[in-house]
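Construct all of the structure, not just a fragment, from the sequences and the given hints.
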Amino acid sequence: MSDSLSQPAAGVPHQPADRVLMTLKTRGPQSIAVIARAMDVTAEAVRQQMTRLHADGLVDSESHSAGRGRPTQIWFLTEAGHGRFPDTHAEMTVQMIGAVRQVFGDEGVEKLIQVRESAMLNSYHQAMLGAKSLKARLERLVDVRCAEGYMAELRQDGADFVFIENHCPICSAAKACMGFCRSELALFRNVLGETVRIEREEHILAGARRCAYRVSTRA
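The letter at position 28 of the sequence shown is residue 28 when you use this note's numbering, and the numbering goes up by one with no holes.
FYI, nobody ran anything at the bench for these hints, they're computed from the structure. Among the hints, a few may not be true.
[Claimed, not checked] Listed below are the simulated DSSO-like cross-link pairs for lysine-lysine, each with C-alpha atoms no more than 27 Å apart in a straight line: (1) K25 - K175; (2) K175 - K111; (3) K25 - K135.
[To be verified] Taking CB as the label site, the calculated pair distances span: (4) A219 - S123: 29 to 35 Å; (5) L205 - M128: 25 to 31 Å; (6) A119 - G98: 20 to 26 Å; (7) E107 - I74: 43 to 49 Å; (8) L129 - G98: 35 to 41 Å; (9) A45 - Q114: 47 to 53 Å.
Positions of the beta carbon are idealized from the N, C-alpha and C atoms, including for glycine.
Below is the structure:
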């Protein structure tokens, strides 16, 4: 893949430890040397932060061997580390979904998802006004999703685009009801138009670090 076309709109953290966490969140497991280059600091500075974060249970590491030489320690976020990034009103949302399902059944939950999708669709179409090309529409989608907390970014891969969401602020709700994920994919397809093919290649709920979608123009 080529370099990122657009970066997450969320503000860059100022505290060194938070910057390390953000780097692991948006780039996935990395060595200290790679993190240091990304942050433009020394490897020793990153190592000090990793020691503190590891003691707090926010990061962990594994040894990776690539032939001869010493194995490289690859660092990654633990579940607690991922938990440092907000899941919007998680407990209350899951409770509400459970209550709706108990009172109105699965049809009630599906209706709730449809109403949410309809409201989002209207605002997303407004955001797309004036965006003529697929790239322009995807860049608008990145802006909208970043504003909603998804840490979205866009990359180009040959003739295709890869739309990435490094965080899911409704993850607890999605775990309680997979209809939310299905609805959001349908939302993207509606907003981008019938001439566009979009397929999910990575899925947080399937154990991936992020959600990633391959986007291309239909032949």
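Here is what the structure says about each hint:
Only pairs whose Cα atoms come within 27 Å are accepted, and K25 paired with K175 is accepted, the gap being roughly 20 Å. Proximity of K175 to K111 is assessed by CA-CA distance (about 17 Å); at most 27 Å being required, the pair is judged to hold. A threshold of 27 Å between alpha carbons decides the hint, and for K25 with K135 the separation of about 25 Å falls inside it, so the pair holds. Evaluation of the 29 to 35 Å hint for A219 and S123 yields a pass: the beta carbon distance comes to about 31 Å.
Judged by the Cβ atoms, the range 25 to 31 Å given for L205 and M128 holds: they are separated by roughly 27 Å. Between A119 and G98 the Cβ separation comes to about 22 Å, which falls inside the hinted range of 20 to 26 Å. Between E107 and I74 the C-beta distance comes to about 46 Å, which sits within the given range of 43 to 49 Å. Separation of L129 from G98 is about 38 Å and conforms to the stated range, judged on CB atoms against 35 to 41 Å.
Between A45 and Q114 the beta carbons are some 49 Å apart, a value that agrees with the proposed interval 47 to 53 Å.
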